[in-house]
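Student: The chain contents come next:
2 protein chains.
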Amino acid sequence: MSAYKQLMAFEHTTQALGQVAGRLGWDQEAIMPSGAAPQRAEEMAAMEGVLHARRIHPKVGAWLAEIGDAQLGEVERSHMRHIRKSFERTSKVPADLAAEIAKVTSRAQGIWAQARSDEDVAAFLPTLKEVVGLKQQEGQALAAGGDVYDAMVDDYEPEMTANEIAAMFDAMRPRLVALREAVLAAKAPPKLTGTFPSAAQMALTEKLAASFGYDFEHGRIDQVTHPFCSGSGLDVRITTRTTDEPFNCFYSTIHEVGHAAYEQGIDKAYLLTPLGRGVSMGVHESQSRIYENQLGRSRAYTSWLFPQMKKVFGDFGVENAEDFYGTVNRVNDGYIRTEADEVQYNLHIMLRFDLERALMLGDLAVDDLEAAWNDRFEADFGYAVDKPSNGVLQDVHWSVGLFGYFPTYSLGNVYAGCLNDSLRKAVPDLDVQLAQGDTSAATGWLRENLQQFGGLRKPADTIVHATGAAPSGEPLLDYLEAKFGDIYKL
Amino acid sequence: MSAYKQLMAFEHTTQALGQVAGRLGWDQEAIMPSGAAPQRAEEMAAMEGVLHARRIHPKVGAWLAEIGDAQLGEVERSHMRHIRKSFERTSKVPADLAAEIAKVTSRAQGIWAQARSDEDVAAFLPTLKEVVGLKQQEGQALAAGGDVYDAMVDDYEPEMTANEIAAMFDAMRPRLVALREAVLAAKAPPKLTGTFPSAAQMALTEKLAASFGYDFEHGRIDQVTHPFCSGSGLDVRITTRTTDEPFNCFYSTIHEVGHAAYEQGIDKAYLLTPLGRGVSMGVHESQSRIYENQLGRSRAYTSWLFPQMKKVFGDFGVENAEDFYGTVNRVNDGYIRTEADEVQYNLHIMLRFDLERALMLGDLAVDDLEAAWNDRFEADFGYAVDKPSNGVLQDVHWSVGLFGYFPTYSLGNVYAGCLNDSLRKAVPDLDVQLAQGDTSAATGWLRENLQQFGGLRKPADTIVHATGAAPSGEPLLDYLEAKFGDIYKL
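Protein sequences, first through last, are from chains A and B.
Numbering-wise (the numbering used here), the first sequence opens with residue 15 and increments by one.
Numbering-wise (the numbering used here), the second sequence opens with residue 15 and increments by one.
Isolated chain A, as found in the complex:
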């Protein structure tokens, strides 16, 4: 067997084990008995040990060296790129540093949760300093003289740099702040009233998932506290939640269906290979966001959703489909990122991006983080943070060492804006179909032009291939200004 074939066979098994580890995480969040947690931690650690050993196995290094790139086709070169990247990334970080990060972040999450509950920033800072210090060490190991924060972004959005992101975000921010101010000064659409039983929400949410083409034969829907999507290939599971407010359930579901559609839409020839998964967090988020927002919150789709909801829940205080479109897209003041609407969400991300980048580069001390957060929040949102759980303590990410991850949320929105622009040009009568609850032309275009390729191309090239142009924030801003200018009669 050639070195290439041997490496791919080895990688096939590694990918299969990665799916097993991922599903263990799904089980833990979705259905695990509560008392199983201590044993589960041991099981997860055992799987992580197996995967780590395979990623840096000396045989992988030897095969990679033997293969080279010269006579390989596009798909094979892409496989080698992914495997080499994983091998080098794992090799660069000393094992004891990786173990220390795992240990500290696992402890830090609990300390963060307690501090948030107690509204006590000071109780979290010593631990956050540890995490930041360890992640800086990791960044230095990965960057090998280059930019520490770039190295972290690269884990989630390969080959994207913080300078590129900053240029994009800095250009977007003033228009978003202005739009936010104009919208919140205008007359708001009606709010939902009434009660929405959980079982009825779940029944309708399954129908919505189906309307977006979620493949139940290769997936399932369960209820959790924080919805997510898990798995690749033939087993892609989504989760959702029900609260008093049914849009939370419906748009969480559609969001996760977007993630799942990407995984379920990848060419089956790539099953259990490095190409058989979404290529980056940003591109992944572009799929969840375009399903949720540009499609799911469109005037056309909500005109179909309105009678569906009336049939299930009776009267809920909204008189007609046009008002309902406004209700779905209502913009409210709020401190919490995960509850933010299309207009304000990216402002939350830009705040975190600038702060975490400064933390990692040593330009901002952990002790000064809360003040920096509060200043920036007031500048962009127009009012002061009232308590830490609504401010610097609201997100879990930093406690578990996720630095470089936040910007991918907004990159996803930016990519979704670009894709929506191309999709609308390619399918001019899309709204006629969406108004009948038929998303197949939209999801078909996304599958054909993006989803099927999985990890074949680099993230930015994936967007270029689908849209014909480099990613830019302009289409998203144009879309937001037009949509909310219309709803809010600006």
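I should point out that these hints are in silico values taken from the structure, not numbers from a laboratory.
Do not take every clue at face value.
Which copy is meant is left open, so a pair is good if it fits within one copy or across any two.
Claimed, not checked - Restricting the straight-line Cα-Cα distance to at most 25 Å, the calculated cross-link-like pairs of lysine to any residue (SDA-like) are: (1) Lys-73 with Gly-63; (2) Lys-73 with Thr-27; (3) Lys-19 with His-66; (4) Lys-282 with Ser-48; (5) Lys-19 with Ala-67; (6) Lys-221 with Gly-49.
Model the placement of chain B on the given structure of chain A, informed by the hints.
Tutor: Below, chain B without anything else, positioned relative to chain A:
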């Protein structure tokens, strides 16, 4: 670190990975999306590869050689015994033979299912010949000159021999045949009538599981086609099913709760060690059977169950608790092992034990299997097999290479008989408690005298420790003759 500590640390990880693989099997049977099967096969194979490599890792052999047994305590010696056995068993079977068995049995299961559906024994025989031939080779590798079938039994009931089993079974068989004849000649208790909605069955079955002490904080109940129990330590999941006939659901549940109680009852000091699991299939089945039969189908417990069922289902054609006790224990003619009652079940097993032993030892040709089955069935049950799906094709076991497994079902019944004898002596007023739906004294005695020890002692020694005597079929037969003599007024 000492060799012992290094070996135990390595084993701890292996055990954790074994739990992961087991839960993957649970997921597949209980909740997996149907279309995920091909990918799941790859994931299972990847996990099996990891586990196999760890079981025969050269480091394990070196540690075992270095440690010896001399200065170890009882627990440590038991750990070494389990690890050495696993290492030697895995080392003895050539890798290509193990792979061939995995390949052939995975194919054979589908061929068996088709043949059963077509009532076509001839279509299954060539494949069964392959399986038998491969298992004989495996048995020879394991036995190393000893008895091939003993080596197979040893996989499921360590250190039990086929001669011991045969002596026990041959002594029991005439009394069971006689009891069966007497019971079926007598007037039968009433049958259930009425309808039993699935959701109501599940609600009551959860209450019954709780009445037997199932720990929902470390487990969960799901519905499947063929109920089973999965997992050890802090995550022990059971499954059940609903049919038109609610006893099927209730006693499947109580049976699996028995298995789960064993796993959940093991000393937590043994978590993720070789002692942290039930010691053998036979001892495991003793727990499921004593919960299901000697406790769950007792006059006392059914007198508590009767009003519970009436409350949920209203009238179901049984007038009083004494009649209900008869209904629960009603003996019917039937071909199918899995539907058999306490009186007839062991006759099914003895038939299979004798036939599979003869197959393995070459005393019975695969071509003669159907005729041998039919002759034996008529001899023990008094009427002829009407079709292969009611006869030689009814069980999946042989198609997947499970030889040596069947006798453990009846060993479990025998052990349950012994344990019940001791339990009744230790807790003289047990029936007073069971009549209130309170099983805690019974389950407490089982936990204290058997369950907590997990794999500490060999299977037979486990029973001896709990009962003070070597396992024997007498207490089970005495119990059955007394119970059914009473119900059927013999």
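Student: Need the list of violated hint numbers for this structure, in ascending order.
Tutor: none
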